[in-house]
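S.K.: Sequence lines, in order, name chains Z and S. Read in the numbering used here, the first sequence has 58 at position 58, and its numbers run on one by one without any break. Position in the second sequence counted from 1, then plus 327, gives you the numbering used here.
Calculated from the structure, these hints are not laboratory results. It is possible that some hints are incorrect.
To be verified - In silico EDC-like links for lysine to aspartate or glutamate, alpha-carbon gap of 16 angstroms or less:
1) K154/Z x D114/Z
2) K35/Z x E19/Z
3) K287/Z x D310/Z
4) K195/Z x E209/Z
5) K602/S x E16/Z
6) K602/S x E94/Z
What the hints assert, rightly or not - Residues of chain S placed beyond 12 angstroms of chain Z at every Cβ, according to the derived structure:
7) P338
8) D348
9) R355
10) T356
11) A357
12) Q392
13) G395
14) F422
15) Q439
16) L441
17) I468
18) T479
19) L485
20) V492
As the list claims (entries may be wrong) - What the simulated footprint calls covered on chain S by chain Z, stretch by stretch (three residues with Cβ under 8 angstroms from a Cβ of chain Z suffice, anywhere in the stretch; the number is not a length):
21) 358-372
22) 505-518
23) 600-606
The beta carbon of each residue, even a glycine, is placed where N, CA and C say it ideally should be.
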Amino acid sequence: MSEVAVRVEDLRKVFEVPEREAGLKAATKSLVRRKTREVRAVDGISFEIAPGEIVGFLGPNGAGKTTTLKMLSGLLYVSGGEARVLGHIPSKRERDFLRRISLVMGNRNQLQWDLPALDSFELNRAIYRIPRPDFLALRDELIELLEIGDLVRKPVRQLSLGERMKVEIVGSLLHRPQVLFLDEPTIGLDVTMQKRLREFVAEYRQRHEATVMLTSHYMADVEALCERVIVIHHGKLLFDGDLAALSDTVAAWKTIAIVLENGAGDLSSYGDVIHRDGDLVTLRVPKAETARVTARLLAEQEVLDLNVEDPPIEDVIELVFAREAVE
Amino acid sequence: MSATPATSSLPQENRLRSLVDFYVTTMRTAVQQQFQYRAATYMYLVGMVAEPVIYLVVWSTIADQSGGTVGGLSAGEFAAYYIVWTLVRTMNIVFTPYGWESRIREGELSGQLLRPLHPIHYDLAWFAGGKIPWVLFYLPIAVVLTLVFNPTFDVRPLEVVVFGVAVWGAYLIRTFNQTALGLICFWTTRVGALFQLYIALELLLSGRLVPLTLFPEWVQTVAWFLPFRWTFYFPIQTLVGDLTNAELLGGLAMQVFWTVVGIGVFSLVWRHAIKRYTAVGN
Chain Z
1 MSEVAVRVED LRKVFEVPER EAGLKAATKS LVRRKTREVR AVDGISFEIA PGEIVGFLGP
61 NGAGKTTTLK MLSGLLYVSG GEARVLGHIP SKRERDFLRR ISLVMGNRNQ LQWDLPALDS
121 FELNRAIYRI PRPDFLALRD ELIELLEIGD LVRKPVRQLS LGERMKVEIV GSLLHRPQVL
181 FLDEPTIGLD VTMQKRLREF VAEYRQRHEA TVMLTSHYMA DVEALCERVI VIHHGKLLFD
241 GDLAALSDTV AAWKTIAIVL ENGAGDLSSY GDVIHRDGDL VTLRVPKAET ARVTARLLAE
301 QEVLDLNVED PPIEDVIELV FAREAVE
Chain S
328 MSATPATSSL PQENRLRSLV DFYVTTMRTA VQQQFQYRAA TYMYLVGMVA EPVIYLVVWS
388 TIADQSGGTV GGLSAGEFAA YYIVWTLVRT MNIVFTPYGW ESRIREGELS GQLLRPLHPI
448 HYDLAWFAGG KIPWVLFYLP IAVVLTLVFN PTFDVRPLEV VVFGVAVWGA YLIRTFNQTA
508 LGLICFWTTR VGALFQLYIA LELLLSGRLV PLTLFPEWVQ TVAWFLPFRW TFYFPIQTLV
568 GDLTNAELLG GLAMQVFWTV VGIGVFSLVW RHAIKRYTAV GN
């Protein structure tokens with residue numbers, strides 16, 4: 001019998017939001033009769049995540065990703081269906097459950113604003129009842145991993161966004177959570193900082209065999225960390241499987257980037273020209289035709305350079321959403 | 328696959344010891360934060376002292392013009408009342424419903440809900456810690472008020488001990504009352520009007536505006552059956568009044584009663600309120 005870290009069955013969350021037209025008349029009317037509208041933020045999704053797995057949770061803005069993470073971390077009560085994390089029902093917010101999870105949101109500040117992060121870490125030690133020797137060992141390990149030794153002694157308000165995010169993450173991991181929900185952890189960070197955080201998440205997961213569920217609008221995060229992705233849109237699950245399979249399933253085409261000796265002539269007879277930058281031309285061809293088109297190009301054109309690639313993951317995801325919108 | 332809990336991530340400290348540790352650590356953090364903004368804290372306290380000084384000047388003047396006493400209280404007794412009032416007010420500063428309003432509306436509560444400790448512990452510990460610098464800052468103010476207004480004090484050791492307990496009782500009652508009020512923000516995001524009504528009642532029925540003995544008998548009777556009296560008038564009277572030992576202990580018992588009622592109401596409201604949390608803004 002194997003364990004499941006996260007199990008979600010037909011999970012639903014419905015918000016009732018007040019609604020009225022603009023203007024004084026509508027405002028007066030709403031005093032007597034308040035109109036509300038039901039918003040189905042999450043609409044019957046089901047999936048399971050095994051311990052130690054790292055899963056990308058993707059979707060456009062308003063898809064229901066953050067709402068799902070909030071239900072899984074116990075912040076929100078579910079409207080229907082069931083969620084279990086490490087065997088616990090999250091909304092019960094049992095101490096043993098909260099000690100074993102962490103939700104990191106890129107736009108949230110959990111540390112004491114005016115004090116050095118070390119003081120906030122100390123507070124977390126007391127809250128999570130971490131024995132001091134374990135706390136010191138893990139704190140120093142995390143500080144070393146993220147190279148923030150000189151930052152944790154400065155008042156948090158004096159840190160840049162990227163620096164603050166790093167100390168926030170350390171604060172969220174001091175109790176060594178077994179399940180980590182990361183909601184846009186790299187938002188607003190520069191490319192170097194994003195890369196550092198990605199490496200850190202991978203390292204943490206490996207060292208502590210943690211289960212990670214990650215949402216991000218940066219596909220680089222997803223590609224670097226996740227083998228499996230779950231895609232949702234309008235609260236419904238669109239895809240759950242390997243990242244590579246997503247491309248195969250959705251995008252029945254490949255791209256051929258080609259540089260010709262004689263400059264960029266008309267290549268539209270080989271496929272759709274989707275990009276042109278000087279001598280570099282990018283073609284989109286049906287997957288089944290790729291080998292034949294490549295052979296033709298090499299035979300008929302003076303090719304300097306040629307690369308056959310899967311479509312960028314951003315394009316694949318966009319295609320998933322577009323397809324769902326049509327359906 | 329079946330959902331089976333995995334083993335706990337880290338060994339845990341003893342629960343009670345950890346709770347004490349949490350209170351001490353949070354209180355220390357609060358002290359550090361107050362010292363960080365010491366000028367602002369001092370200005371806040373000076374501003375807060377303005378309220379009793381105005382009452383004190385008004386009532387001392389009336390007492391002087393009425394042949395030395397008002398309602399049986401001399402100018403010196405008024406001075407003692409309002410100087411102790413200031414200390415009690417400093418000691419019973421709590422997290423207000425406005426704070427809850429912002430916590431819920433902005434979603435700041437999310438961070439606290441993710442912790443394996445009820446948020447009320449943080450508020451209790453933080454405001455308890457804040458009292459250390461506030462009382463330190465209060466002391467020079469008290470010296471100045473004493474020199475200027477010549478208060479009349481006649482204090483027994485037992486009264487000092489009861490006062491030491493009563494100010495914490497007052498703190499607990501106010502915390503749970505105002506937290507329960509703040510939780511209304513889960514239903515309506517603006518609780519300001521209700522809070523103003525609460526403060527108006529507190530001003531009148533707690534002895535915050537004037538000593539309760541200056542009110543008609545029936546008002547004093549109503550006040551006795553409400554929690555407000557036990558958050559201001561009773562702690563002040565332990566030092567400036569002439570309470571018997573039975574009255575002192577009876578007052579502490581009433582504080583215990585209102586604390587238990589406050590915890591009960593707060594727990595009941597919390598259980599229903601938290602289901603409505605939408606964690607917006609964060």
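S.K.: Taking the shortest Cβ-to-Cβ distance between L441/S and chain Z, state whether it exceeds 12 angstroms.
M.R.: violated (6 angstroms)
S.K.: Would the non-interface assignment of L485/S survive a Cβ cutoff of 12 angstroms against chain Z?
M.R.: Per Cβ check, L485/S is outside 12 angstroms of chain Z; nearest 35 angstroms; holds.
S.K.: Non-interface claim for A357/S: all C-beta distances to chain Z beyond 12 angstroms?
M.R.: Per Cβ check, A357/S is inside 12 angstroms of chain Z; nearest 10 angstroms; violated.
S.K.: Would you mind confirming whether the straight-line C-alpha gap from K154/Z to D114/Z stays at or under 16 angstroms?
M.R.: Holds: K154/Z and D114/Z sit about 9 angstroms apart, inside 16 angstroms.
S.K.: Given as covered by chain Z, does the region 505-518 of chain S meet the bar of three residues or more with CB within less than 8 angstroms?
M.R.: violated (count 0)
S.K.: Classify the label on G395/S as holds or violated, using whether its beta-carbon is more than 12 angstroms from each beta-carbon of chain Z.
M.R.: holds (50 angstroms)
S.K.: Can you tell me if the region 600-606 of chain S counts as covered by chain Z, using C-beta to C-beta distances under 8 angstroms and a minimum of three residues?
M.R.: holds (count 4)
S.K.: Would you check whether the claim that F422/S is not at the interface survives, using Cβ distances to chain Z and the 12 angstroms cut-off?
M.R.: holds (16 angstroms)
S.K.: Using Cβ atoms and 12 angstroms as the threshold, tell me whether Q392/S really stays out of contact range of chain Z.
M.R.: holds (48 angstroms)
S.K.: Using Cβ atoms and 12 angstroms as the threshold, tell me whether P338/S really stays out of contact range of chain Z.
M.R.: Violated, because the least Cβ-Cβ distance between P338/S and chain Z comes to about 6 angstroms, which does not exceed 12 angstroms.
S.K.: For the region 358-372 of chain S, do three or more residues have a beta carbon lying closer than 8 angstroms to a beta carbon of chain Z?
M.R.: holds (count 4)
S.K.: Test the statement that D348/S is away from the interface with chain Z: the closest C-beta pair must be farther apart than 12 angstroms.
M.R.: Per Cβ check, D348/S is inside 12 angstroms of chain Z; nearest 5 angstroms; violated.
In summary, the numbered hints that this structure violates are 4, 7, 8, 9, 10, 11, 15, 16 and 22.
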